[in-house]
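Add chain B to chain A, keeping to what the hints say.
Going down the list, the protein sequences come from chains A and B.
With the first letter of the first sequence counted as 1, position 9 gets the number 9 in my numbering; the numbers rise by one all the way through.
Residues are numbered in my numbering as their position in the second sequence, beginning at 1, plus a constant of 113.
Calculated directly from the structure, the hints in this document are not laboratory data.
Virtual Cβ for every residue (Gly too), placed ideally from N, Cα, C.
Each statement offered as a hint is correct.
Computed Cβ-Cβ distance ranges for the label pairs, DEER-style:
hint, chain 1, residue 1, chain 2, residue 2, range
1, A, Tyr95, B, Thr193, 29 to 37 Å
2, B, Val127, A, Asp56, 43 to 51 Å
3, A, Leu113, B, Glu172, 44 to 52 Å
4, A, Ser67, B, Lys116, 23 to 31 Å
5, B, Phe167, A, Val12, 41 to 49 Å
6, B, Lys183, A, Gln57, 26 to 34 Å
7, B, Ala114, A, Gln22, 27 to 35 Å
8, A, Gly40, B, Glu157, 17 to 25 Å
Covered stretches of chain B (chain A as the covering partner; in silico rule of three or more C-beta atoms under 8 Å from a C-beta of chain A):
hint, segment
9, 160–174
10, 197–209
11, 212–226
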Amino acid sequence: NAGVTQTPKFQVLKTGQSMTLQCAQDMNHEYMSWYRQDPGMGLRLIHYSVGAGITDQGEVPNGYNVSRSTTEDFPLRLLSAAPSQTSVYFCASSYSSFYNEQFFGPGTRLTVL
Amino acid sequence: AQKVTQAQTEISVVEKEDVTLDCVYETRDTTYYLFWYKQPPSGELVFLIRRNSFDEQNEISGRYSWNFQKSTSSFNFTITASQVVDSAVYFCALGVTGNQFYFGTGTSLTVIP
Chain A
1 NAGVTQTPKF QVLKTGQSMT LQCAQDMNHE YMSWYRQDPG MGLRLIHYSV GAGITDQGEV
61 PNGYNVSRST TEDFPLRLLS AAPSQTSVYF CASSYSSFYN EQFFGPGTRL TVL
Chain B
114 AQKVTQAQTE ISVVEKEDVT LDCVYETRDT TYYLFWYKQP PSGELVFLIR RNSFDEQNEI
174 SGRYSWNFQK STSSFNFTIT ASQVVDSAVY FCALGVTGNQ FYFGTGTSLT VIP
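Only chain A is shown next, with the shape it has when bound in the complex (with noise of 0.2 Å):
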């Protein structure tokens, strides 16, 4: 087993640019998340879904999209990048819900100049 899975490591923008972080597990799992990780915030939900074809925001959804046409994949969509997007995103999977632990892909590092 993959796990779950994110691609790419790095990026880098400019601002107003689009691009997709790619997340996918092999795990069957229902739950998938994501969240963004800043200094001294912890990590911090930005959209959740509970199965194929059903999503729902988190605690910061503004600017981003997502899609859930597969159980397996989760991509999460910058439509207009800006500096406040520089961070780094976690994508995360667990078995049901809010009460199974997640487990964490390696996450993806962006950088929006």
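Below, chain B alone, put in the same frame as chain A:
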């Protein structure tokens, strides 16, 4: 409002000392789950423990132990006889109905040889 507070930003201990990491949470939910995760210098997030709101039993796993007290809304983590490999950032997290997770800002632990 849901919130997790880890008041200790950084802690340094000498190897073999015991150390306790504090976690205080806020929620009005009666059903919730608490978690601890470890983030070593390599950056990945590793699940350590999960506890539900109905189970106040303390738990010991090797050198690790956890003390959950609903009366004080705390879920503290103690490492006994600390080792250099324990050096990491430790996050406490709260999972609530609605499938949202809230992380604390983390405690950076440095174990000095």
